[in-house]
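Undergrad: If you read the sequences in order, they're chains B and Y. FYI, in my numbering the residues of the first sequence are 1 to 366. FYI, in my numbering the residues of the second sequence are 1001 to 1611.
Treat the hints with care, since some could be wrong.
[Stated by the list, open to error] No more than 25 Å apart at the CA atoms, straight line, and that leaves these computed lysine-lysine pairs for DSS-like:
#  : chain 1 : residue 1 : chain 2 : residue 2
1  : B       : K129      : Y       : K1011
2  : Y       : K1193     : Y       : K1247
3  : Y       : K1376     : Y       : K1348
4  : Y       : K1011     : B       : K180
5  : Y       : K1319     : Y       : K1430
6  : B       : K361      : B       : K129
7  : B       : K361      : Y       : K1611
8  : Y       : K1376     : Y       : K1449
9  : B       : K361      : Y       : K1011
10 : Y       : K1264     : Y       : K1225
11 : Y       : K1229     : Y       : K1123
12 : Y       : K1228     : Y       : K1055
13 : B       : K129      : Y       : K1012
14 : B       : K70       : Y       : K1011
15 : Y       : K1252     : Y       : K1074
16 : Y       : K1319     : Y       : K1168
17 : Y       : K1168     : Y       : K1074
18 : Y       : K1012     : B       : K180
19 : B       : K70       : Y       : K1348
[Stated by the list, open to error] Ranges between beta-carbon positions, derived for each pair:
#  : chain 1 : residue 1 : chain 2 : residue 2 : range
20 : B       : S178      : Y       : R1236     : 40 to 48 Å
21 : B       : S178      : Y       : A1235     : 50 to 58 Å
22 : Y       : E1046     : B       : L139      : 49 to 57 Å
23 : B       : G242      : Y       : A1235     : 16 to 24 Å
24 : Y       : Q1143     : B       : G242      : 48 to 56 Å
25 : B       : W179      : Y       : R1236     : 48 to 56 Å
26 : Y       : A1235     : B       : L135      : 37 to 45 Å
27 : Y       : S1009     : B       : I45       : 46 to 54 Å
28 : B       : E202      : Y       : N1109     : 46 to 54 Å
29 : Y       : Y1034     : B       : T23       : 26 to 34 Å
30 : Y       : A1023     : B       : S178      : 14 to 22 Å
31 : Y       : R1007     : B       : T23       : 33 to 41 Å
32 : B       : F68       : Y       : R1007     : 19 to 27 Å
It is worth saying that the hints were derived from the structure and are not from the lab. Using N, Cα and C, we set each Cβ at its ideal position, and we do this for glycine too.
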Amino acid sequence: MKKKLEFKNFSIYFDQYLFISITLLSVMGLFFLYSASQGDLNTIIKQSIFVCFGLTLMLILSQPDPDFYKIFSNLFLLIAISLMFATMIFGKEINGAKRWLNLGFFTLQTSELIKIALPIFLASYLYNKPLPISLRHSLQTFLLICFIFYLVYSQPDLGTGLVVFMAGIYILFLAGLSWKFILTSFGLIILSMPFIWNNFLEPFQRQRILTFINPSNDPYGSSWNITQSKIAIGSGGMSGKGYQDGSQASLNFLPEAETDFIFAVIAEEFGFLGICILLFFFFFILLRCIYLAFNARDRFCRLSIGGLSLIFASTLFINLGMVVGIIPVVGMPMPFISKGGSSLLSFYIAFGIIISMATHKKLMQK
Amino acid sequence: MINLDERYSEKKSFFNRLIIIYAFFGFAFSFFLYRTYSLQVSEYSEYETAAIDNKTKEVLVQPIRGIIYDRAGKIIVNNVPTYDLIIKPSQIESIDSLLSDLSLIINLNSNEIDYVKENFDLKASYNRELVVKKNLSEIEIAQFEVRSYKFPNAFIDVRYSRHNNYPKLFSHAIGYVGGVSNNELTDILRSQKLQQIETIFKYSNGYQIGKTGLESTYDNLLRGKFGKKIYNVNARGRLLDERQFIKPINGKNIFTTLDIDAQKVAFDQMDNRRGAVVAIEIDTGSIVSYLSTPSFSTNAISNGISSSAFNALIQDNDKPFFDRASQGRYSPASTIKPAIGLFGLENKIIDWDFSINDPGYFILPEDQRVYRGWRKGGHGKVNLNKAMIVSSNTFFFSLAYQSDIYKLIDYLSNFGFGANVCGDCFNPDKALLPSPEWKMNNLNFGWFKGDTVNLGVGQGYLSATPLQLAYYATVLANKGASKDLSFTNNGNEKKNQYIFSDNINDLDWEKLHQSMIGVIESPIGTAKRLQELKTFTVAAKSGTVELVSTDTKEDYKVIRENEGNRDHAIIIAFGPMPNPRYAVSVVIENGESGGSVAGPVAIAVLNSLIK
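Excised from the complex, chain Y in its bound form:
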């Protein structure tokens, strides 16, 4: 029927064709095997890493911020535990029945219940914890603890909040913490070689950063280093088991030189008047008191404040957020006189015996313009000592008139005017030590001789912060030795810088101190009313900052009707004499009299420091 040859050739053709297809498969299969070999053997380490990365999830663990102490070792800022009720959604079958059981012992409002219900499924699928209620009361904690066996998947955990034990005393000195911006967080984490990822928080408010004051300047030390928990995860991002825990390194504690008692005295004395008090331990340059009033509660700011309360603070005319101590610019007024006097001695313009007649005014020879003193009729014959005690403007007008402005500016800069005098203050203002160049650039006017004359009594363009004034007082007390101010007691590392030449000797300094003591002790001293307040000898120089220039006392009575026009009261003081340990500066805005208004605050702070 069928040709055998044909059958043979058909079979051969079939076989050839089958082999062609299988050859193709063989080829493809070799390629597959080569591919698998390269995946598993040549590129093994790459894929091994990828597999480990896949199943690994790192979570940051927030460190606790350092504690801030005063100089006696008392805690100013602490981390206060709050207790939160937390559940593990992945192990809970029915959230509704759990919530109804919990609500019998813990007061849950509808917001809290809604929050839990909304987030339950997500947290369950990722195996994360869920906070049911923050800030449990003691009763709630007790009620839960005794029944905790009923709630195997719920527990109470500690979350901290930053708490200042003296929230209004140290508003500006210590400052407050607050939420962190994305950029700040990225920078912080990058400095710790970390990436921004999910974080286990120790603070109920999450990430925190020092916003102002020491919380900000020492944020690097206080913040600590994030730890890490490394988990195994599945493909859906669900945490399975903890593989490794690198503990966070908590922030370093800061031991400040602040003196709570002195600060409290300053705060009470200021009595919410607008102003600032800065007190310095002369030997070390340590800031022991630093107050700007009125103040505000840092705890409220750190841990949540209602927007209405916050707006009230922002809109308060007294500007409680404004740090007057390091940012308020005030004319030093008569408190500049010791420095001007020293300048006269240094440049041999005057000596201690040199005297002039003070008729109550100084007439500028160039244009006959009259510069008045505070007392009509003047002080008669005044030398440097008397000029300091009675605060004769005429004497210092005349001294300044004979001074070279550039030399004078240079000299004043030695006292910290126009400079940053503090190593760790938050955002200190340099205020203004004016120069002819400054005036030309900013006011488009040349420097007049009258500008120099005004400088002689600390009025005009010259301004200083209370912090700078305190530094200035420290330099005067320390007989010309200066040291950067600081909130932390690292005084031993700081070197004294002696800024004065041979023209002023120890005797000159003693005479200067005597005249400043006379400001209080002398019956004609401008601050003689302070005599009864002090318990030891104090050197001082008061000042009254004229905000509106008036020719007569009658004129002043008119303008003082408006409180904002009244003179600022200002004083620098140090004691106990003859070996002063503390220096203080006080500014009270619109306080009118340096001696009798700012003076008592300064004396009270010194009394508290020198017991």
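Just chain B, with the same shape it has in the complex:
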């Protein structure tokens, strides 16, 4: 296993397994997106630029030593939070949501950055704390997580908010949050459910959950998306209808075909066999991440790789679960496949950091 590409004068930190599988997924994504966007060249060119930029960014971010991330993690978090506030003030409003910051050449969804910055910060914060984590540190970090969740949630963006929240919790959990604390908070969450339902959920969010519980309620109303998605997936059958031959996508029955529901397009056109092959790549990436986390050089790297890879897994699972109707519809893209800027880039960033942590070894372990 090579972790370094050695050249005459310099060396590049590089994990071939992750790099190749991510590149393959990205290229497949372009291929699927071409069909989902009904051959819209504009979309493909834009996405190709993102993919190239993302892969480069991933390569660049693999180069610094993990200590760089550890040292500057609080700075990153501060920048991310500042950007969140900037979004609140200068953000572009689309469909009643203020999630985007217009940078001129690129519209940044700032919550995608905080999704990366928060777990890195937590990992570095917990790096030298005695284990198991004390109640005080647990509460401190928990409050920080809640604060950031609220920032994202109030945009409003429940989906990303939940991923950010989970990202924080993953780190805490992996770092060794005491089981007592876990069970107590879990109990509290259950108890506060009705309160959250009444005070924190927007009517459309409640509607989505209700629709999820009983989808036959209104086939042309809020469950239209999920109904059409299931028809697309189901009608794909074992081997699919063929590339660009999916009627659900090409005749616009499937909503959000390029973004959240791109999996349904793939399932319609390539069938069960097709998605099994596609999902194998995701599975492979996750296995590789587990391996890397286990072999990481220190606690910071271990926690970071574990946390970031779990964000990746969560995003993927929320997307898949939503598309086949086993969890309610929350806007969540399919990593490396769905059209999108910020969310796509955030995963290249995450994997850049993972590769950096996996490839930089210390001669003297701590």
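Mind docking chain Y on chain B? Use the hints.
TA: Below, chain Y alone, put in the same frame as chain B:
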């Protein structure tokens, strides 16, 4: 610095916890995979159907109604093409510039322009056609055709309208078509195993259904079967491409037995007087003429009529919409006498030699009530033959007086009185053949002998429609053989029903026909004025329906000042004798004299039929 054991245990704890989370994900992911498998493999056919349903839209294609012919093969009702200018909004960039270009060659008024502008966007997004102008003139068509290369997204298409070539002649016989109610449409479509969905119309007025006359009774045959166009559609309901076209089956043509020439003669003869004419081909029971006057233009009703014109028709005192031929109830008056005479012969109450003295009145023995004849002083000694010719009331009063009412009613019913005599007439009235039970139930009075006496001269409660009278004339002409009347020539399938017993033989029939011929030919016949009009021998019986009972001619002169009080004129006739081919009945409301007013109409119609 740091205990190695502790680091090892930390690593182990980390690994355990990571595995716990991934185990959860693995579990959730298995569930996801199972779910996807069931969608794509177990429930595949269900979702495949759903996907096809999604992208499929069926549109009905309206069939063309059948054509209605007369018995000579001349078209009475046809589908006349009108030419509409139609555009395809989805392929047009600027409707304003198109309209301004079109308005140079086609006269567009502001309503039409507004209509197009209002509907343009919707039609464009659904990819439907849009009618810019209906009913183009020939000049407009020509102007458009030579410039059509400039308008690739506009074209002229044919839409039909239902057109009666003789709109006032056949108002009641053929009837008219009109819009269809939601329930009717649902029923029609259900009978064709279709649902009510978007339809491509062939008629400019959209869905049509026969409302009256043959258009209604034969609607099933005339209407045809809807076709279907099956399109691919996208999620917004926009039509993409046509996948399949199941052609509509156009309606069947109806070949009627109606005779345009005879109908025209009847129409001219009636000259808008209130009344009806029905003529029958005796051999087949075919209706060759069927007229109710005054009439109205069916084309106006079918294809749009102004509400003021429509109201004028509705409020017209002459009630042009009323079908007098099959719904007008008239007392048969003296035209009933041949049937009463036959009843006398059948029941051996009288024979041809039996005679009585007619003093001009009949006194009912029970209460000394006087029943008068039409001629003061009477007709002297009358037998059945003379009683028919001079229309002696006294003879038939006396005959009826000796009759059993139940037997008489039963006998009259054989002639079609109180019955439906037509197989395909629109909504025919059975009129009234009264009975003691009917009188008790409806008037709360018992049956008097006087009621029977009145029946003997066709007055009183008895009523019949001109259609029934024509049937009655046919039975008389056919020597007792009856056949349901019909507008279509399927006579061979119909069987004659002989209704009379052995007591009346061929000789009796000939004698009866002779006496009916005498009504015209005899110098004392009530319709002798018709002698000059006819070109062959005709048997007839006239009648004058008393609307107001008067004792003297002077009294009648007073009441006839009001036209509505005047007697109805009525006649039944058939010829040429001795082998009659056509029978006819004529009723003219308030026409006063059956022989001289209704008679000429009957003769003219027979003349036209028997050339």
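Undergrad: Between the alpha carbons of K1319(Y) and K1168(Y), is the straight-line distance 25 Å or under?
TA: holds (14 Å)
Undergrad: Take a look at whether the Cβ-Cβ distance between E1046(Y) and L139(B) falls inside 49 to 57 Å.
TA: Roughly 51 Å apart at Cβ, these two residues keep to the hinted range, so it holds.
Undergrad: Holds or violated: 46 to 54 Å for the Cβ distance of S1009(Y) and I45(B)?
TA: holds (53 Å)
Undergrad: For the range 16 to 24 Å, tell me whether the beta carbons of G242(B) and A1235(Y) fit it or not.
TA: Since the Cβ atoms of G242(B) and A1235(Y) sit about 20 Å apart, the hinted range of 16 to 24 Å holds.
Undergrad: Decide if the proposed pair is consistent with the structure: K1228(Y) and K1055(Y), CA atoms, cutoff 25 Å inclusive.
TA: holds (16 Å)
Undergrad: Does the beta carbon distance between W179(B) and R1236(Y) stay inside 48 to 56 Å, or does it fall outside?
TA: 54 Å Cβ-Cβ, so the 48 to 56 Å window holds.
Undergrad: Looking only at beta-carbon atoms, does the pair Q1143(Y), G242(B) fall within the given range of 48 to 56 Å?
TA: holds (49 Å)
Undergrad: Taking 25 Å as the top limit, are the C-alpha atoms of K361(B) and K1011(Y) close enough?
TA: With Cα atoms ~17 Å apart, K361(B) and K1011(Y) stay inside 25 Å; holds.
Undergrad: With 40 to 48 Å as the target window, see if S178(B) and R1236(Y) comply at their CB atoms.
TA: violated (56 Å)
Undergrad: How does the Cβ-Cβ distance of R1007(Y) and T23(B) compare with 33 to 41 Å: does it lie in that range?
TA: holds (35 Å)
Undergrad: Do the alpha carbons of K1193(Y) and K1247(Y) lie within 25 Å of each other, as the hint requires?
TA: Holds: K1193(Y) and K1247(Y) sit about 15 Å apart, inside 25 Å.
Undergrad: Are Y1034(Y) and T23(B) spaced within 26 to 34 Å by their CB atoms?
TA: holds (30 Å)
Hint violations for this structure: numbers 3, 7, 10, 19, 20, 26, all remaining hints satisfied.
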